[in-house]
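Undergrad: Residue numbers (this note's numbering), protein chains in the order written: chain A, 180 to 412; chain B, 180 to 412.
It is worth saying that the hints were derived from the structure and are not from the lab. C-beta atoms are modelled at their ideal positions from N, C-alpha and C, and glycine is treated no differently. A portion of the hints provided could be inaccurate.
As the list claims (entries may be wrong) - Computed footprint of chain A on chain B; a stretch qualifies when at least three of its residues, placed anywhere within it, have a C-beta under 8 Å from a C-beta of chain A: (1) 214 to 221; (2) 249 to 260; (3) 280 to 290; (4) 319 to 330.
Claimed, not checked - Using C-beta positions, here's what the derived DEER-type ranges look like: (5) B:H325 x A:A306: 21 to 29 Å; (6) B:P316 x A:T296: 23 to 31 Å; (7) B:E343 x A:T296: 18 to 26 Å; (8) A:K330 x B:Q340: 28 to 36 Å; (9) A:G192 x B:V272: 51 to 59 Å; (10) A:A313 x B:P251: 49 to 57 Å; (11) B:E343 x A:T321: 55 to 63 Å; (12) B:L411 x A:A313: 48 to 56 Å; (13) A:A313 x B:P316: 26 to 34 Å; (14) A:S376 x B:L311: 41 to 49 Å; (15) B:E305 x A:P308: 20 to 28 Å; (16) A:G304 x B:P276: 28 to 36 Å.
Number of protein chains: 2
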Amino acid sequence: EIAAAAERMLDGGPRPLAGKKAIVTSGPTHEPIDPVRYIANRSSGRQGHAIAAALAKLGADVTLVSGPVEIPDPAGVTTVHVERAEEMLAAVVAALPADIAVMVAAVADWRVAAAGTQKIKKKPGEAPPPLLLAENPDILKTIGHHADRPKLVVGFAAETQDVEANAREKLTRKGADLIVANDVSPATGIMGGSRNSVRIVSRDGVDAWPDLAKAEVATRLAALIAERLAALP
Amino acid sequence: EIAAAAERMLDGGPRPLAGKKAIVTSGPTHEPIDPVRYIANRSSGRQGHAIAAALAKLGADVTLVSGPVEIPDPAGVTTVHVERAEEMLAAVVAALPADIAVMVAAVADWRVAAAGTQKIKKKPGEAPPPLLLAENPDILKTIGHHADRPKLVVGFAAETQDVEANAREKLTRKGADLIVANDVSPATGIMGGSRNSVRIVSRDGVDAWPDLAKAEVATRLAALIAERLAALP
Chain A
180 EIAAAAERML
190 DGGPRPLAGK
200 KAIVTSGPTH
210 EPIDPVRYIA
220 NRSSGRQGHA
230 IAAALAKLGA
240 DVTLVSGPVE
250 IPDPAGVTTV
260 HVERAEEMLA
270 AVVAALPADI
280 AVMVAAVADW
290 RVAAAGTQKI
300 KKKPGEAPPP
310 LLLAENPDIL
320 KTIGHHADRP
330 KLVVGFAAET
340 QDVEANAREK
350 LTRKGADLIV
360 ANDVSPATGI
370 MGGSRNSVRI
380 VSRDGVDAWP
390 DLAKAEVATR
400 LAALIAERLA
410 ALP
Chain B
180 EIAAAAERML
190 DGGPRPLAGK
200 KAIVTSGPTH
210 EPIDPVRYIA
220 NRSSGRQGHA
230 IAAALAKLGA
240 DVTLVSGPVE
250 IPDPAGVTTV
260 HVERAEEMLA
270 AVVAALPADI
280 AVMVAAVADW
290 RVAAAGTQKI
300 KKKPGEAPPP
310 LLLAENPDIL
320 KTIGHHADRP
330 KLVVGFAAET
340 QDVEANAREK
350 LTRKGADLIV
360 ANDVSPATGI
370 MGGSRNSVRI
380 VSRDGVDAWP
390 DLAKAEVATR
400 LAALIAERLA
410 ALP
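Just chain A, with the same shape it has in the complex (with noise of 0.2 Å):
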């Protein structure tokens, strides 16, 4: 073990996670509509991309799937590149089995029904068509109740209103360990911006996080992470 020998005196911090495999998504997804239009989701994927590195930085072997973006591939993380929610489900469950999934990534509830090869034409005197939707696949429920569920799961609830409440429901239904619950109201300034202020909401109950640095939030989720998955049998 040189390598992870120099890993660490490079580092100098613990690994609590050397060997264990994490999938993180991060970033909005993009439905297309037609060949120039698309519905997509307010998310930087700051984020998603911070929790990858602070993972990593604890030793885990970490894949990232990340929607469109314009920040940088965190260093040390393989990252997958995708556009719409089906193919970011796709790409999460190649990467299976995993110690730890972390969904973060705002992935669109609906894609557009039939999305169009050509261009819609607008066709002057004539109502716009209404835009038909169909549900797009649920990753962290899908994740959360698949035959090789990682031991933890954690999903993140963005909401704006009732957030602690749409949270607890989230933790069942989708069969989430943790979810991460943060206000996204415009006022907030969290979309795009580089603070969060979330609340971990788990059978045990609800932990209100102060306002951080979303760097912190990473750091200090990734450590919780690590001490749960060390407490599970």
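Place chain B on chain A using the hints.
TA: Here is chain B on its own, set in the frame of chain A:
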């Protein structure tokens, strides 16, 4: 005109558009669905930004109205940042009067009829709600028929089929002097790429330009605009 002489010395080239004002639009628009979702167009802003810079290089006083892009504001140009089509139109009208308008932005034809102030919740077991759309203002057509219409109005037509026929029809309906038509079918790689292959459609006919770097398309178009403007009464 010491400043103008100094600029000529720095730049070297002729400044046939000195004293002329130009408005250029660039990039996509983002139309909100709710606080976390939006409809977008694929547009990097590279072609529009290059045209703004090329017009400035020929001496024009350029206002660039840009949707959300990841590229820097061009030097020597006044850039106004907007998100929605309605904001873009307001910024263009606010920049009138002008001698030249070059409408390059990929403006969303439609916005969401009633964008929500709360995140739309997915209801398990229920079909997703259809997105009802409303027609956005047509910025090119509004400027082409404006009381303060610039002497030279140039539009872009991004098409995936019947490129030339669609461009000819737009010329008259939108009140433009020139339409720059390009085929944005995904196979062409033009959207988001660094090259472009355009046809210049005017009442005089069609001029097909070779495949060129977007910066070269911008330089040629700025020269054509200067030539056309000089020929006007």
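Undergrad: Looking back at the hints listed earlier, which ones does the structure fail to meet?
TA: 2, 4, 8, 10, 11 and 14
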